[in-house]
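Colleague: Sequences listed follow chains A and B, in order. Residue numbers for the first sequence, in the working numbering: 1 to 175. Residue numbers for the second sequence, in the working numbering: 1 to 104.
Careful, some of the hints might be misleading.
If you want the footprint, here are the derived chain A segments under chain B, 3+ residues with CB under 8 Å [unchecked claim]:
{"no.": "1", "segment": "13-22"}
{"no.": "2", "segment": "29-39"}
{"no.": "3", "segment": "51-65"}
{"no.": "4", "segment": "68-75"}
{"no.": "5", "segment": "115-129"}
{"no.": "6", "segment": "144-152"}
{"no.": "7", "segment": "158-167"}
Since the hints were derived computationally from the structure, they do not count as laboratory data. The structure displayed is predicted, hence computed values, not measured ones. Ideal placement from N, C-alpha and C gives every residue a C-beta, glycine not left out.
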Amino acid sequence: MSENVVNLFQWLIFLGVAFTSIFTSLLVITRKNPIHSALCMVLTFLCVAVLYVLLRNPFIAIIQVIVYAGAIVMLIVFVLMLLDLEEELRSGLKLLYSKVIGGGLAVLFLFGILYAVIATPLTGKTGPYTPDDLTNNVRVIGEVLFTQYLFPFEIASILLVAAIVGAVVLSKKSR
Amino acid sequence: MVIPPVPPVLYLILSGTLFTIGVIGALTRRNAIIVFMSIEMMLNAVNLTFVTMSRFLQSMDGVLFAFFVMAVSAAEAAVGLAIFVLLYRSRETINVDEIHMLKW
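Bound conformation, chain A alone (with noise of 0.2 Å):
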């Protein structure tokens, strides 16, 4: 009974999550002033963090709301009031086909990975975590960060110093 119940809200939060989430995106990619876009955005990964929560992930979740809805967006909408940006322009003909192709050419993409997740079932081999392991997954994540995947970790901390400096030196102002 009670997990009828568990099981009820989580359709009802995943239901609404997931439209919001494609009616923001939608609105991302459809609204002409920048800003209108950027904050359509923050409304787009903050329903990716409560699906990350519904799927029992907090880590990820939380990481999302601080890396993609707060430092991410944040300097796209310092970028975008930092440059004076004219409207975009309206579609002539050679841009409506344009749309109209690219439009087309993502729809059949999107016909393709409908088709290849529904027609097979989900297999794989699963792997040796617990689901209980699963949800209390900080602890779990830091021991396999810092032993299986130490090495990629170090190269991701390379990373983030070179985009640093190289964000530092391009946009400082020369001569």
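Please build the complex by placing chain B on the supplied structure of chain A, with the hints as guidance.
Modeller: Showing chain B alone in chain A's frame:
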């Protein structure tokens, strides 16, 4: 009556839909920053797939990959936006149709 839990296929379909919306944005918009935002949404959709499969295959690798994808996309945001600022300073536009030369 028993209500089943949300199947992983629905998460994958949602993630594919978000990815496709990102592809449409990247292909059809002309403002470089909006193209950039579409790319971020595509990365985000891929992360959702990773975490879903990690959950349903009871493995930790997908979560770690999502973590690294986030680190890479943060680096990409820093460098990419610096490039846009530089581009705007020298060309006064970030319309991707007008940026077609490596050297100017």
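Colleague: Three residues minimum, CB to CB under 8 Å: does the segment 29-39 of chain A make the cut for coverage by chain B? Let me know.
Modeller: Holds: 4 residues of the segment 29-39 of chain A have a Cβ under 8 Å from chain B.
Colleague: Please verify the coverage claim for the segment 13-22 of chain A: does it have three or more residues whose C-beta sits within 8 Å of some C-beta in chain B?
Modeller: n = 4 at 8 Å, threshold three: holds.
Colleague: Cut-off 8 Å, C-beta pairs, minimum 3 residues; does the coverage of the segment 51-65 of chain A by chain B stand?
Modeller: holds (count 10)
Colleague: Is the listed coverage of the segment 115-129 of chain A by chain B valid when you require three or more residues with a beta carbon under 8 Å from a beta carbon of that chain?
Modeller: Holds, because 9 residues of the segment 115-129 of chain A bring their Cβ atoms closer than 8 Å to Cβ atoms of chain B.
Colleague: Are there three or more residues in the segment 68-75 of chain A whose C-beta lies within less than 8 Å of some C-beta in chain B?
Modeller: Result for this restraint: holds, n = 4.
Colleague: Counting residues of the segment 158-167 of chain A that have a beta-carbon nearer than 8 Å to any beta-carbon of chain B, does the count reach 3?
Modeller: holds (count 7)
Colleague: Within the segment 144-152 of chain A, is the number of residues with a Cβ closer than 8 Å to a Cβ of chain B three or more?
Modeller: holds (count 4)
Consistency with the previously given hints is maintained throughout, with no hint failing.
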